[in-house]
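2 protein chains.
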Amino acid sequence: MNDLEKLLTGAHAGRIADIARLLSIVENNEPEATDAVRLTYANTGRAILVGLTGPPGTGKSTLVSALTAEFRKSGARVAVVAVDPSSPYTGGAILGDRIRMRERYLDAGVFIRSMANRGHSGGLARATRRIVSIFDALGFDVVLVETVGVGQQEIDVVRVVDTVCLLTIPGAGDDIQAIKAGIIEIADVLVVNKADCPGADEAVRYLLQMLTLGSQRTEWRPPVVKTSATDGTGLKDLIDAIEQHRAWAVKSGEARRRRTEAMRDEIQTLLRERVLRDLAGRVSPKALDDVVSRVVDKTLDPYAAVDTLLGNLGR
Amino acid sequence: MNDLEKLLTGAHAGRIADIARLLSIVENNEPEATDAVRLTYANTGRAILVGLTGPPGTGKSTLVSALTAEFRKSGARVAVVAVDPSSPYTGGAILGDRIRMRERYLDAGVFIRSMANRGHSGGLARATRRIVSIFDALGFDVVLVETVGVGQQEIDVVRVVDTVCLLTIPGAGDDIQAIKAGIIEIADVLVVNKADCPGADEAVRYLLQMLTLGSQRTEWRPPVVKTSATDGTGLKDLIDAIEQHRAWAVKSGEARRRRTEAMRDEIQTLLRERVLRDLAGRVSPKALDDVVSRVVDKTLDPYAAVDTLLGNLGR
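Keeping their order, the protein sequence lines are chains A and B.
Our numbering applies: residue 1277 is where the first sequence begins, and numbers increase by one.
Our numbering applies: residue 1277 is where the second sequence begins, and numbers increase by one.
Possibly wrong hints are sitting among the right ones.
Identical chains share a label here; the pair holds if one copy fits it or two copies do between them.
Claimed, not checked - Only pairs whose alpha carbons sit at most 25 Å apart, straight line, appear in this in silico BS3-like list of lysine-lysine:
1. Lys1574 - Lys1527
2. Lys1574 - Lys1282
3. Lys1349 - Lys1502
4. Lys1512 - Lys1527
5. Lys1349 - Lys1512
6. Lys1512 - Lys1502
If you are wondering where the hints come from, they were derived from the structure by calculation, not from laboratory data.
If you're wondering where the values come from, they're calculated on a predicted model, not measured in any experiment.
Could you put together the complete structure from these sequences and hints?
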């Protein structure tokens, strides 16, 4: 048994250190990442994949904690992926929340992973998708992906899941304004969190209004659920809504359509990575230096330089 | 003579419409761009390439106008490339300035091109470099590249030239603060513009101090020049400083070093573009659909899918 197989065995058995190492390999695209994905891929597709997004201050972290506790009641193993695209590192409030949450769950039934910026939107979404797949393959029953903000980057990230929950809170006029029409369209479930605060019903009405205005992609009509993470109100309703969406998505073919779209993107990325890696092997630094020098001397133009380096094969 | 050759002949003869069309072909990477570069490349390397950058409000556009007028006195043909990376389109103040400037120069000795955001930093720098090369090849004696701001994107863009002028103004405490240590290091000439305002000497002293603190890349020590674009003070000094830097850069090999670095980047980009284009020709949409479907069904993992698509050749 090689090192990677040992690691996978340990991770499957729930060893925290092995899970963490495996996730790092995949997240950082280390040399073992290819084999790690190949050896785990067949076991994916079982977990419930849920995304939670919404403007800052809508209580996403607290709701994720409460949802985790609710899922745990039925014995489900829960993985949490906390993504903060705005930060080059994950720190501050989000990390503080995680540490408190980690302290609460010292059992192997909950695993929390924080991810920070990968430089560009597509990279973060892909890294998140691979992390989610690993959790799925390791037998976690639920994977919750939490992102901060409502920009394009967050949308890309949260779309790696099967069911997207969009959070808002009562009286958050500005926050609701921030949820632009294009963003509400990716939501499968709408959540009015902090529903114990005044104005919850108005927020629900506002969301229903926005839904009516937006264009409907499918026959699924996103339900609006009122929750209060602090007193536990609506958590069961939210889980019901998530499970109903999942059941619909599987039956209607929407789940397969989304996975197909995601996998097409993933395979195209792998293809590009592969040909660029091959290119690096094909063009030696010395050969590159030689042609660059001739181009600077104007005895070769840049396009002829490319032909020369590729042995006139590429054209 | 084909269409492109006709266009090049017209552009060489100074026909405004032909120059504009040629620049668009190169800027937008249209199909004729390859031949346009190939046919003009041997004629590049003669123009003085000058970049002007600095925080907003330092009077870059006005100084560029005044410098253009000063260069014109000796009969030099001047091209201006105005780059605004912060804007998805070029408009507002910068465009207003251009229109006024264009009205002033109705002769063929001055050509002004505005460029807006190309989506990402590297793309904008490359498009700017290609535009600058075309102007150079068409026989313009001076190419002035003006960028707004002092971020990484502006640095990348302005580095396509041989001599970088960094602008500041008297009493601009905050603006000078914005010129961080890393940015002052790319400057070959430092300019205190609006030197008729109070505090010009303090600004000069401050810049000299920052230069002392910064690490010196080469034996070139950037001079500090005081200018006033409105009354013409210091314009001759600035042109002298630019010409001195150019003479030093050619003699010391710094000019060649920079062009080599830029050309290595350009050729690597062309290589990547080429292999990715070849990839698109190699993998049919139908073949991609087929393997994606098998990956979604889990009868193939994503890496095996890539092997299949590349006929196991790529590995």
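Here is what the structure says about each hint:
no. : hint              : result
1   : Lys1574 - Lys1527 : between (63 Å within a copy, 19 Å between copies)
2   : Lys1574 - Lys1282 : between (56 Å within a copy, 23 Å between copies)
3   : Lys1349 - Lys1502 : within (20 Å within a copy, 73 Å between copies)
4   : Lys1512 - Lys1527 : within (22 Å within a copy, 76 Å between copies)
5   : Lys1349 - Lys1512 : within (11 Å within a copy, 79 Å between copies)
6   : Lys1512 - Lys1502 : within (11 Å within a copy, 71 Å between copies)
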